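For this one, chain L is given, so just place chain E on it according to the hints.
For reference, the chains in residue letters:
There are 2 protein chains.
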Amino acid sequence: MEYSSQLLEKAVYQISKLPGIGKKSALRLALHLLKQDEIYTHQLAESLTKLRNEIKYCQICHNHTDQDICQICSSNHRDHSIICVVENVLDVLSIENTAQFKGLYHVLGGIISPVNGIGPSNLNIDSLLGRITLETKEIIMALSSTMDGDTTAFYLTKKIKEKGCKVSSLARGIPIGGEIEYADEITLGRSILSRIIFE
Amino acid sequence: MEYSSQLLEKAVYQISKLPGIGKKSALRLALHLLKQDEIYTHQLAESLTKLRNEIKYCQICHNHTDQDICQICSSNHRDHSIICVVENVLDVLSIENTAQFKGLYHVLGGIISPVNGIGPSNLNIDSLLGRITLETKEIIMALSSTMDGDTTAFYLTKKIKEKGCKVSSLARGIPIGGEIEYADEITLGRSILSRIIFE
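From first to last, the protein sequence lines stand for chains L and E.
Quick note, the first sequence lines up with residues 6 to 204 if you use my numbering.
Quick note, the second sequence lines up with residues 6 to 204 if you use my numbering.
Only chain L is shown next, with the shape it has when bound in the complex (with noise of 0.2 Å):
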């Protein structure tokens, strides 16, 4: 495509580098801004700097904080005996969202996946069984359920009962308002074994 202007050009190329944002996505971006007042343009690039050169990671859990220590990590309110391993930061705030759990977290900032060449020495592994203390009752293992997911929560159970604490992990199971009907025999033969027994 001939773009009538280079800056045009440029930025749509910036733009559609973003995942998920084709060229003409990008385009469509690029001409909105042009539409919308100048102020919104700088506010957006300025949060966007900001948030690249200003963010840390929390000392203790590795999630996106402002501070040194995030405020889950030093709120009196939760729970600090249990640590819900999760993958990345996107995991923190989808069970923050549940609001059904009231632990601490630890974001490991990856999986172990030979097939992309991340092993355990990639990940945050060391400072998660640094954290254990005899104070922790609980590690809960909310990683995906798949082979790489699984890869990882052995190897870190493995490691986490070396050091004498229980570990646990997320319920496999139906879908809430899943069909049976529609769902793969791998996941109903194991919400099989896994039943819950009504007391």
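Worth flagging that the hints you see were computed from the coordinates, not collected in a lab.
The structure presented is a predicted model; accordingly, all values stated were derived computationally and were not measured.
Please note that a few of the clues may not be correct.
Where chains are identical, the list cannot tell them apart; a pair therefore holds if satisfied intra-copy or between any two copies.
Claimed, not checked - Keeping only pairs whose Cα atoms sit at most 27 Å apart, straight-line, the calculated BS3-like set for lysine-lysine is:
| no. | residue 1 | residue 2 |
| --- | --- | --- |
| 1 | Lys142 | Lys166 |
| 2 | Lys15 | Lys61 |
| 3 | Lys107 | Lys163 |
| 4 | Lys61 | Lys29 |
| 5 | Lys15 | Lys28 |
| 6 | Lys15 | Lys40 |
For chain E alone, kept in the frame of chain L given last:
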């Protein structure tokens, strides 16, 4: 959603103001930026700011340009006797992409839309009429086939004919590859009335 960082929250807020990007996509984009090299965020922010600050509009056709007169209007290889009237800059790019048109353009900057409070005075209509000289052979209406598009074309046609210039419109009919079975009645009806005669 409670963010762990105010910087992140602000960036997500600004990104999610863009059209077609919700809170969740905005968060994903922000987290993507944090994973990339700092240089990229700076290049992105800079290209957006530069685009917004430095872009100009062609004094003749109102297309985006880096100079005072755009490449198309200043080209000797284009037919200056035919002007194609379009709603916005995206339409210029779309038509240029077909490589079927070698005339000039005129960007209206919108279409007449009483519902949205856009009247003829809000559009680049005076400058279009001012461009029509004795050398101008034809003005092509390349406007959307909607109520507003037709209204605008009707209004412009009247004004242009007063100046004694020929006016034409994009052909309406079955799209290439389109099946008769699935064509809507109005399109099908019009395509019969304005059928192409093989000679």
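Hint-by-hint comparison with the structure:
In the homo-oligomer, the alpha carbons of Lys142 and Lys166 lie at most 27 Å apart inside one protomer (12 Å), although the nearest pairing across protomers, at 84 Å, exceeds that limit. In this homomeric assembly, Lys15 and Lys61 come within 27 Å of each other (Cα to Cα) only across copies, at 15 Å, whereas the closest approach inside a single copy is 30 Å. Taking the closest pair of Cα atoms, Lys107 and Lys163 come within 27 Å of each other only inside a single copy of the chain (25 Å); across copies the shortest separation is 70 Å, beyond that limit. In this assembly of identical chains, the alpha carbons of Lys61 and Lys29 lie at most 27 Å apart only when taken from different copies (21 Å versus 34 Å within one copy).
Proximity of Lys15 to Lys28 under the C-alpha cut-off of 27 Å is found in both arrangements, the shortest distances being 11 Å within a copy and 26 Å between copies. In this homomeric assembly, Lys15 and Lys40 come within 27 Å of each other (Cα to Cα) both inside a single copy, at 18 Å, and across copies, at 22 Å.
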